Amino acid sequence: MTNINGKTYAMNAITPMNAFYTPILKLIFFILGHVKPLQADLIQLSFIHFARWVVVKRHQFPRLSEKQPQEQLHYDYLLFFSNFNGSWNQYIDAFADVLSNGLNLIWRWSARYPGARPVTDFKRYIGLVQFDTDYYYTAYPRATTNDVKAAHRVSAALEEFARNSKDMAPAEFGGAYLRLVTQVQMDLGATGIGPVGA
Amino acid sequence: MPNQSGNVYGLTVLSPILNGADGGVSHDCAIRDYLAKLPRDQRSPFAKVSSTHLARLVVMEDVVFVGTPAREEHLQSKYLVFETNFDGDLDTYLTRLARDAAEEVHAVWQHCVGYPGVEDPAAFAAYMKKCQIETTFFFAAVNNKTVQQTLRALKVQSGLAHFIESNQGKSAGEIQAAFRGFLEKVRHAPEPPAGEDEGHPHG
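Sequence lines, in order, name chains D and A.
So for the first sequence, numbering that gives the first Met the number 0 puts the first residue at 0; every next one is plus one.
So for the second sequence, numbering that gives the first Met the number 0 puts the first residue at 0; every next one is plus one.
No wet-lab data here; the hints were simulated from the structure.
In this text the structure is predicted, and so the values were computed from the model without any measurement.
Keep in mind that a hint or two might mislead.
[Said to hold, decoys possible] With a cut-off of at most 20 Å between alpha-carbon atoms, the simulated EDC-like pairs for lysine to aspartate or glutamate come out as follows:
| id | chain 1 | residue 1 | chain 2 | residue 2 |
| --- | --- | --- | --- | --- |
| 1 | A | Lys129 | A | Asp90 |
| 2 | A | Lys129 | A | Asp119 |
| 3 | D | Lys66 | A | Asp21 |
| 4 | D | Lys56 | A | Glu60 |
| 5 | A | Lys36 | D | Asp131 |
| 6 | A | Lys129 | D | Glu65 |
Chain A with its partners taken away, still in its complex shape (with noise of 0.2 Å):
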């Protein structure tokens, strides 16, 4: 299935933009605009539907003219893309994008042809699923290793460089003792936060 690539899921959708102007201010630059304050970090609501890996939103305003002698041609709408890469079915996916990221789906969702909310996640998947463009060719570096997994991983990599570093010149014996220890903390570790950019703070 060429949607798929090991366990992860690359959907990519076009919802149509609705034309014309909501108070003034046209719909594809209403949701430009919201989403230029949403926050990319921690706070992100694809941070939320935790099974993102990495995911975006795309106004296409037109198709592009190549030169000639090619043909010139445009979109009678413009196009909300969404691209998104995510562990495990399509269904669970929308479904929980429209339950646990309900406020920020529908701030911009709200701007699209057909768009039935929120309130019932099921009717949303199915909207979504009528945008849906089928994936030609999927390549995941990694498609056998969960958000989650890859985060702690992560963190437990971090966490054995600190550890060698801070143990050189000691006896084994010592090492050995510090070591249970740090594999109690790396094992009891919470959760790591998806989307956390320590050094770059997102407004």
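Looking at chain D on its own, in the form it has when it is part of the complex (with noise of 0.2 Å):
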């Protein structure tokens, strides 16, 4: 079991749903998918890399052979992945915080979902609900998903003054540097490892 690879941790849920609740869960994502500003909060978070749902129909398990017995389910399942950074009861506190409404929304279809509010039922589902992961991989273990943004911003702003800078002479490099070192200075946090327990 390996839910974390350096400053990142792999999330695993999945919830039981009434299949006569599926289509409006997916009219919830397709508005969701297709109507940016609705994505801000999740956005603004900040601390994940990459989330998705997935929802499984009761007969939609792949079935590849006829001596694999065939699943028999009355529920469809909703299926959540996230990479975030971070502990796992930051970030459940955080969402919870910031995203009840949002989360209200996608997981009230799910049998037996309390609510984000209190967090304390609502960790005792998540809690319920999780299963661990057996092997996970990150091409970039040392940065949070805010390094990544930082990194990015940093690399533009240094290309841009590479490209700018360099017919200078060297009382305007040096006043054009001081612009680059106030531009980039609240990027420049050093990635690494992270803290035990994170």
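Reassemble the complex: the two chains are provided individually, in unrelated frames, and hints are given to aid placement.
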């Protein structure tokens, strides 16, 4: 079991959902996918590299051989996979604080979902429906989502500075260099090993 | 297309695991034993398939019973969940997986129903697509940069921080001369390795 690699945590959850509700949830996701302002809170949370929700209908579990027993399920299932920075508690707390309405809209169709608030009931539910990761890989284990965003800003600023300062005299270069340092100083935090337990 | 966000593809695969045992060890346990020993750093099979941002493999033993009045039910098979986030298109990625990480792919998926082997990468890609479940909603914080662009940007970021620190207090002319050297170094630096985590050696 290995839910953590470097600074990133892999979370898996599965919740049963009455098949009657599946089209409603799919419609909600369709709207969420096409109306970008609705994703603003998710973007602002800024500690999620990638996240996805996957609805698996009860007859949709892959069956590749006649010998493989046929699934006989009553429920459809909602799978949730997230790749986030920080501890499990920080993630659930922030999720419940910032996105409680969004979470309720997504999980209210799942059986026995208690709501995102109070967070104690929500955590108990997530603990029940979560399952552990066996193998987890990340191409940049020492970097958080914010590190990645900052690195791309620094990289773009450096390229622009290099282009513009190519033919400058030293005095002019000195002024431009100071402006570059001022521009990127908030994005130069070091990446590295995550704190123990994160 | 819900499987994609910008240039990043979110693939979700559920491969049914063979029931029964192989040499006294159940197939799901054999997968878990193998994965527990598989390196997670730059020696990872996913580092060889360099378009992979993040990937996971999970043995899903059963669905969850959340308590009454919900109905209790169970899966007839266990499933290997493969969740990956990568640059580019699906066929290229699956073909690369079969070709560049053939040994590891075979060691894992040989325990799954209908696995055709990796000798024919196109057959492997077709098999994986049969097991694919379409992502309903996919979110990517950064969806317009490749893995290599991100690794390079992280290297540039730490390099520039070091440059600024070591040139504090110098004259504009000295900094300009040093900057030319720094820029050359940045532009000719080798591709940074994916999965590298010097602080956390994984076995």
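Verification of the supplied hints:
1. A:Lys129 <-> A:Asp90: Given pair Lys129 of chain A, Asp90 of chain A holds - Cα atoms ~13 Å apart, limit 20 Å.
2. A:Lys129 <-> A:Asp119: holds (16 Å)
3. D:Lys66 <-> A:Asp21: Roughly 17 Å separates the two Cα atoms, so the pair holds.
4. D:Lys56 <-> A:Glu60: With Cα atoms ~17 Å apart, Lys56 of chain D and Glu60 of chain A stay inside 20 Å; holds.
5. A:Lys36 <-> D:Asp131: holds (16 Å)
6. A:Lys129 <-> D:Glu65: Holds, because 15 Å separates the two Cα atoms, which is no more than 20 Å.
Hint compliance for this structure: every hint is met.
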